[in-house]
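Adding 29 to a residue's 1-based position in the first sequence gives its number in our numbering.
Since the hints were derived computationally from the structure, they do not count as laboratory data. Check before you lean on any hint, since a few could be wrong.
As the list claims (entries may be wrong) - Restraint-style ranges between C-beta atoms, simulated for each label pair:
(1) Lys510 <-> Ser199: 56 to 62 Å
(2) Lys168 <-> Glu245: 19 to 25 Å
(3) Arg421 <-> Glu498: 29 to 35 Å
(4) Gly173 <-> Glu125: 22 to 28 Å
Unchecked claim - No farther apart than 30 Å at their CA atoms in a straight line, the calculated lysine-lysine pairs in the DSBU-like style are these:
(5) Lys219 <-> Lys188
(6) Lys117 <-> Lys43
(7) Lys329 <-> Lys91
(8) Lys311 <-> Lys260
(9) Lys510 <-> Lys383
(10) Lys86 <-> Lys442
(11) Lys329 <-> Lys219
(12) Lys230 <-> Lys314
(13) Lys167 <-> Lys117
(14) Lys118 <-> Lys91
(15) Lys464 <-> Lys487
(16) Lys260 <-> Lys42
(17) Lys118 <-> Lys230
(18) Lys117 <-> Lys191
(19) Lys42 <-> Lys32
(20) Lys398 <-> Lys430
(21) Lys91 <-> Lys293
(22) Lys32 <-> Lys91
(23) Lys260 <-> Lys167
(24) Lys510 <-> Lys471
(25) Lys219 <-> Lys383
(26) Lys293 <-> Lys314
(27) Lys510 <-> Lys430
(28) Lys293 <-> Lys329
(29) Lys293 <-> Lys188
(30) Lys86 <-> Lys191
(31) Lys91 <-> Lys501
(32) Lys219 <-> Lys230
All C-beta atoms in this analysis are idealised placements derived from N, C-alpha and C, irrespective of residue type, glycine included.
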Amino acid sequence: MNKLSIYNTLTRKKEVFEPLNPPHVGLYVCGPTVYGDPHLGHARPAITFDLLFRYLKHLGYKVRYVRNITDVGHLENDADEGEDKIAKKARLEELEPMEVVQYYTDRYHAAMRRLNVLPPSIEPRASGHIIEQIELVKKILANGFAYERNGSIYFDVVKYNKQHSYGILSGRNIEEMIANTRELEGQDEKQNPFDFALWKKAAPEHIMRWLSPWGEGFPGWHLECSVMSTKYLGEPFDIHGGGMDLLFPHHECEIAQSVAANGKQAVRYWMHNNMITINGQKMGKSLGNFITLEELFNGKHALLEQAYSPMTIRFFILQAQYRSTLDFSNEALQAAEKGLSRLMAANRMLDRIKPADSSSVQVEQLKEKVYEALNDDLNSALAIAVLFDWVRLINLLAEDKESITANNLVELKTFFRTIIFDVLGMADEQTTGSKQAELTAKLIEMLLSMRLEAKQRKDFATSDRIRDELSKLGVIVRDRKDGFDWEIE
RNA sequence: GGUACCGUGGCCGAGAGGUUAGGCACUGGUCUGCAAAACCACGUACAGCGGUUCGAAUCCGCUCGGUACCUCCA
């Protein structure tokens, strides 16, 4: 029996995951605000929770995975001063806001597809749930935890904190925070600097606006997740994930909103992935040190020595546990690239193994260790380490230095491939894909057969020529006792 | 300033009181027409200083260094 444990940010410890309504699992993850190209930072939560999604399904759960698209309400700056990110981009590019949203949503989807990230079950947009958001504001207002100022509605953190505790997720003490904050800003509408906007009145020039009981305006950023998660997953629901940088204030505010509206928290397990760093520093838009996924894939960025394939990026991310920071460097990415290629070569090698009468290897052990790793808060780094132990064994099996029975071999192949492809979500970039790729593979193999014949005639001039020419085209040729092996680089 | 977290061999990165992490790189060997790959062998690394313990990289304290959040960021 597999028991998945996950680290719950709320309790700050690992807990055995028990879904509310098994076999159903509700999973909500904060998606991107679509105002710019997806970057390496976006890949981390997407891949982390893709792994969770895949693993939960592998364990037999029926998972409804909701990942939103933020297309309104996410402000540039302080909740009072800032401009909506989408609106700003639209203004700068002279586009309709929804054109900006569509464009970057498409870009995001394309990048995710290349990273082999499965699409979520539902991908709701904030702008499509304005009515629900207004309803939630009304509820919070009716319960007395919000107030109106000039057509904007603010959440009353201080009042809320008297009855409940604001800061339980992030471990913050609101009273200390207030005590430590110096008051600036004369004409602030908010009673308290920590209050946050539930609904903002739209200034006359503001393009994105909807009619509400308080006049024309737009929803506050934290509202959308509270609304869309529970709309599709019920209340309460199982897992809410996102980047660690969203822990405060975003997720803290989500909790406050749910409690203020319904008297109880909506989320049972909170999960947060850590950041990707670059030279030890967080990769972030404001720091100007981020690398887009496009740039990684084509190698065009000052920090990049070469292009890195989507699967290299995915593997790189999976080689670290999701709660650790992961430091980006060319060296690390190149190590991931080579390791991945070895893993994929071993996978192909599985088909060359000839069964024996007995087994000198224990497939059961592989299974146990991999499950043990994944069950321990998705320790993909450890799971991959176990797979590499088996890469060695697979290579030995292919050279008849270890033995395996036919049944065990089937078991090994099935499990190894299930974990690599279905659970970790890797793909063999050499063999998968288009008809073109298949044709290329067949052509290469045809040439290599001819080379093999030449070798048998001891016509090494011809055989070396074929190898050299292929090598110039980027095809690495490896001779084997019983033939050959090749790889495109 | 407040709150967390981290410091592991050349690089990345698991582990968390006693047993090999793993990947990449390096070196030597086996195999091979050559090469590559593969396989074998090889590194007593846990920031520093104290303490607890039969035993600490793992627990506690201090010191040093770094990061994140507290404004938007995945």
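Going down the list of hints, with the structure as the test:
| no. | hint | result |
| --- | --- | --- |
| 1 | Lys510 <-> Ser199: 56 to 62 Å | holds, 60 Å |
| 2 | Lys168 <-> Glu245: 19 to 25 Å | holds, 21 Å |
| 3 | Arg421 <-> Glu498: 29 to 35 Å | holds, 33 Å |
| 4 | Gly173 <-> Glu125: 22 to 28 Å | violated, 39 Å |
| 5 | Lys219 <-> Lys188 | holds, 13 Å |
| 6 | Lys117 <-> Lys43 | violated, 41 Å |
| 7 | Lys329 <-> Lys91 | violated, 41 Å |
| 8 | Lys311 <-> Lys260 | violated, 33 Å |
| 9 | Lys510 <-> Lys383 | holds, 14 Å |
| 10 | Lys86 <-> Lys442 | holds, 20 Å |
| 11 | Lys329 <-> Lys219 | violated, 45 Å |
| 12 | Lys230 <-> Lys314 | holds, 27 Å |
| 13 | Lys167 <-> Lys117 | holds, 28 Å |
| 14 | Lys118 <-> Lys91 | violated, 38 Å |
| 15 | Lys464 <-> Lys487 | violated, 34 Å |
| 16 | Lys260 <-> Lys42 | holds, 28 Å |
| 17 | Lys118 <-> Lys230 | holds, 20 Å |
| 18 | Lys117 <-> Lys191 | violated, 37 Å |
| 19 | Lys42 <-> Lys32 | holds, 15 Å |
| 20 | Lys398 <-> Lys430 | holds, 23 Å |
| 21 | Lys91 <-> Lys293 | holds, 25 Å |
| 22 | Lys32 <-> Lys91 | holds, 16 Å |
| 23 | Lys260 <-> Lys167 | holds, 16 Å |
| 24 | Lys510 <-> Lys471 | holds, 21 Å |
| 25 | Lys219 <-> Lys383 | violated, 73 Å |
| 26 | Lys293 <-> Lys314 | violated, 35 Å |
| 27 | Lys510 <-> Lys430 | holds, 14 Å |
| 28 | Lys293 <-> Lys329 | violated, 49 Å |
| 29 | Lys293 <-> Lys188 | holds, 16 Å |
| 30 | Lys86 <-> Lys191 | violated, 41 Å |
| 31 | Lys91 <-> Lys501 | violated, 49 Å |
| 32 | Lys219 <-> Lys230 | holds, 13 Å |
Hint compliance for this structure: hints 4, 6, 7, 8, 11, 14, 15, 18, 25, 26, 28, 30, 31 are broken, all remaining hints hold.
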